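Asks: Take a look at the letters that make up each chain.
2 protein chains.
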Amino acid sequence: MSKLKNDPLIIKKANIKDVPLILSLIRELAEYEKLLHDVIVTEKELKKYLFGTKKYAEVLIAYFENAPVGMALFFHNYSTFVGKPGIYLEDLYVKPEYRGKGIGKGLLIELIKIANKRNCGRVEWAVLDWNQSAIDFYKKLGAENMESWRIFRLTSDKISKIANTL
Amino acid sequence: MSKLKNDPLIIKKANIKDVPLILSLIRELAEYEKLLHDVIVTEKELKKYLFGTKKYAEVLIAYFENAPVGMALFFHNYSTFVGKPGIYLEDLYVKPEYRGKGIGKGLLIELIKIANKRNCGRVEWAVLDWNQSAIDFYKKLGAENMESWRIFRLTSDKISKIANTL
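Protein sequence lines correspond, in order, to chains F and C. Numbering-wise (the numbering used here), the first sequence opens with residue 1 and increments by one. Numbering-wise (the numbering used here), the second sequence opens with residue 1 and increments by one.
For the record, the hints were derived by calculation from the structure and aren't laboratory data. None of these values were measured; they are calculated from a predicted model. A few of these clues could be false.
As a list, the in silico SDA-like pairs of lysine to any residue whose alpha-carbon atoms are at most 25 Å apart [what the hints assert, rightly or not]:
id : chain 1 : residue 1 : chain 2 : residue 2
1  : F       : Lys158    : C       : Leu141
2  : F       : Lys54     : F       : Pro20
3  : F       : Lys48     : C       : Ser133
4  : C       : Lys13     : C       : Glu147
5  : F       : Lys139    : C       : Asp38
6  : F       : Lys161    : C       : Ser133
All chains, please: the whole structure from these sequences, using the hints.
Replies: Pasting the structure below:
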């Protein structure tokens with residue numbers, strides 16, 4: 001990944017040794033989103049699904065003055081209208097005490113460069129509608145708010161119930 | 001895929017020979033969503049990205065009395081909170097003249113069974129907020145409307161601009 005001379009921010013691709021760090025950042029992000037009660041992920045699952053035979057997502061870690069301070073976790077999606085793969089940013093997180101230093105922007109730009117290299121048609125992500133500072137930041141970057149779309153979700157209890165009865 | 005005796009509905013996994021059919025269903029769906037102007041996908045891209053070395057999505061085709069009448073196109077996503085892969089349903093489409101026969105529901109249930117077999121933590125999809133009949137259908141199935149989330153998108157022109165200037 002890119003590094004300017006004397007730039008305190010370095011962004012690196014995560015490897016399997018980073019799993020404990022990734023887990024702690026996931027938990028911090030969930031706490032910030034007031035969703036910690038939904039977090040049941042374990043180190044074992046992260047090892048299996050991020051660094052096993054089939055990799056379901058990739059992770060960038062941001063280091064500021066050599067301390068790990070944030071991450072971007074993403075995977076490929078596919079747009080049938082564009083016809084090409086895209087990148088979906090599942091989690092973007094910077095520790096609160098390191099915000100305002102361009103770290104989130106640095107992670108997002110690194111991700112956009114990856115999307116550009118891989119010839120992706122889109123980069124997409126979701127944001128909570130009360131998170132105005134994030135929304136302002138994304139709009140400033142040129143991202144479009146797909147306001148008329150709503151996400152629907154079936155959770156695992158519903159999945160197994162429907163799969164076993166219908 | 002499953003078939004009851006005398007059931008007019010059969011659901012099959014698509015193969016590369018189905019590309020012209022998939023393209024025509026994508027275009028019909030876009031027309032229904034009033035988004036046909038956004039569709040630039042070609043047969044060549046569908047062959048490459050759905051049936052090439054790396055497969056970015058999978059497709060189920062619904063046949064009613066042996067005629068192809070709809071499809072579900074999906075890929076895997078990853079939830080860091082759940083820790084497991086999920087399924088994201090990018091496109092669900094049934095030709096208008098075949099609606100009301102349980103074909104959309106049949107496709108969705110087949111997809112939920114795949115999610116269950118693959119031990120997925122979630123099945124998710126997006127719906128336009130004016131598409132009330134779809135919303136009612138999804139709610140009846142037990143899906144949750146993630147109302148407070150908004151999707152943000154960077155398109156390829158913005159991706160290349162940011163990648164080349166920042």
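Asks: Look at each hint and say if it fits the structure.
Replies: Hints, one by one, checked against the model:
1. F:Lys158 <-> C:Leu141: holds (9 Å)
2. F:Lys54 <-> F:Pro20: Answer holds: Lys54 (chain F) to Pro20 (chain F) is near 20 Å, not above 25 Å.
3. F:Lys48 <-> C:Ser133: Not satisfied, since the Cα-Cα distance of roughly 39 Å exceeds 25 Å.
4. C:Lys13 <-> C:Glu147: Violated: Lys13 (chain C) and Glu147 (chain C) sit about 32 Å apart, past 25 Å.
5. F:Lys139 <-> C:Asp38: holds (21 Å)
6. F:Lys161 <-> C:Ser133: This hinted pair holds, its Cα atoms lying about 23 Å apart.
The structure shown violates the earlier hints numbered 3 and 4.
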